[in-house]
Amino acid sequence: MEEQRQQVDGREQEAGAGILHVFGRQLKLCRERAGLDRAELGSRAGYSASTIASFEQGRRIPPPKFIDNADELLDAGGLLKAGKEEVARAQYPAFFRDAARLEAQAVELHVYGTRAVPGVLQTEEYARAVCVMWRPLLGAEVIEQRVTARMARKDIFARRPAPHLTFVIDEGVLHRPLGGEAVWRGQMEHLLLTGEQRNVELQVMPLSRKEHAGLAGPFTLMETKDERRIAYTEVQGDSHVHTERGKVRELEAVYGSLRAQALTPAESLSLIEKLLGER
Numbered sequence: 001m002e003e004q005r006q007q008v009d010g011r012e013q014e015a016g017a018g019i020l021h022v023f024g025r026q027l028k029l030c031r032e033r034a035g036l037d038r039a040e041l042g043s044r045a046g047y048s049a050s051t052i053a054s055f056e057q058g059r060r061i062p063p064p065k066f067i068d069n070a071d072e073l074l075d076a077g078g079l080l081k082a083g084k085e086e087v088a089r090a091q092y093p094a095f096f097r098d099a100a101r102l103e104a105q106a107v108e109l110h111v112y113g114t115r116a117v118p119g120v121l122q123t124e125e126y127a128r129a130v131c132v133m134w135r136p137l138l139g140a141e142v143i144e145q146r147v148t149a150r151m152a153r154k155d156i157f158a159r160r161p162a163p164h165l166t167f168v169i170d171e172g173v174l175h176r177p178l179g180g181e182a183v184w185r186g187q188m189e190h191l192l193l194t195g196e197q198r199n200v201e202l203q204v205m206p207l208s209r210k211e212h213a214g215l216a217g218p219f220t221l222m223e224t225k226d227e228r229r230i231a232y233t234e235v236q237g238d239s240h241v242h243t244e245r246g247k248v249r250e251l252e253a254v255y256g257s258l259r260a261q262a263l264t265p266a267e268s269l270s271l272i273e274k275l276l277g278e279r
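Taking the UniProt record's numbering, the leading residue of the sequence shown gets 1, the next gets one more, and so forth.
Treat the hints as calculated values from the structure; they're not laboratory data. Be aware that one or more of the hints could be misleading.
Listed below are the simulated DSS-like cross-link pairs for lysine-lysine, each with C-alpha atoms no more than 27 Å apart in a straight line [stated by the list, open to error]:
(1) Lys28 - Lys84
(2) Lys247 - Lys65
(3) Lys225 - Lys210
(4) Lys81 - Lys65
(5) Lys225 - Lys84
(6) Lys154 - Lys28
(7) Lys28 - Lys65
(8) Lys225 - Lys274
(9) Lys81 - Lys154
(10) Lys154 - Lys210
(11) Lys274 - Lys81
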């Protein structure tokens, strides 16, 4: 089973790398057709020639804004933009790519977090601290790719019409100062600001509760525009997207119990404010 999982992960990693190499070749062909060298394109797009080379060779993931800009600068007629979503998915670790695609389509997102602040709620500094602590150790370039990808997920908060977003976070997560005091404080302040948005409900499961429905671990529930209801579970890099109705319904029931057992949104924000005031 472990060997099979590693083979699947390896194929997924290769697929992500393949997408980047295909995009890189397209970028190079468009650049050469436009009669520009790498330095000229870089100067116009705000990047160094070496960065353009990394994009073309599939060694670095180009951000969406660069793709949009390059498509216009090179008069690519939408060719480069057409691959933007697939390139963006390549930023994520293989085990999260399917979930990232579904999350981007979600009209409802409900997250139960137990180990760290859920990724979509993380500040850039907190996300980097999480990636730096990842084991096995990640390379510097992979860390930056994952942080960039995690920040891109925050677009869900600016989407219109606004999706319905709820979060239940174990209180222990709030006491864990990942990245140090300044990073922790910035993250707590970000939770307060996010929790005040009208379409967001953030709840804390207090350590003092004698009843706890979520002891089996974290999970995410999603509903897409086409009314599909999906669950995502992940532990130690092993992940699964659940579409079977029985499993999804089971986790929906667990989440309902968690929300009933947790502090109310107002009580939860008050707790975060109190923690900030005590440190």
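Status of each hint after checking the structure:
About 16 Å separates the Cα atoms of Lys28 and Lys84, which keeps this hinted pair within 27 Å; it holds. Taking the CA atoms of Lys247 and Lys65, the gap is near 38 Å; set against the 27 Å cutoff, the hint is violated. For the hint pairing Lys225 with Lys210, the CA-to-CA distance comes to about 37 Å; that exceeds 27 Å, so the pair is violated. Of the pairs offered as hints, the one joining Lys81 and Lys65 holds, with about 10 Å between alpha carbons and a cut-off of 27 Å not exceeded.
This hinted pair checks out: Lys225 and Lys84 have alpha carbons roughly 21 Å apart, not beyond 27 Å. In summary, the hint linking Lys154 to Lys28 is not supported, as the alpha carbons are separated by about 30 Å, beyond the 27 Å threshold. Between the alpha carbons of Lys28 and Lys65 the distance comes to roughly 17 Å, so the proposed pair stays at or under 27 Å and holds. A distance of roughly 38 Å separates the Cα atoms of Lys225 and Lys274; the hinted pair therefore is violated under the 27 Å criterion.
The suggested pairing of Lys81 with Lys154 holds, with an alpha-carbon distance near 21 Å, which does not exceed 27 Å. Taking the CA atoms of Lys154 and Lys210, the gap is about 34 Å. The hint is violated against a cut of 27 Å. About 46 Å separates the Cα atoms of Lys274 and Lys81, which puts this hinted pair outside 27 Å; it is violated.
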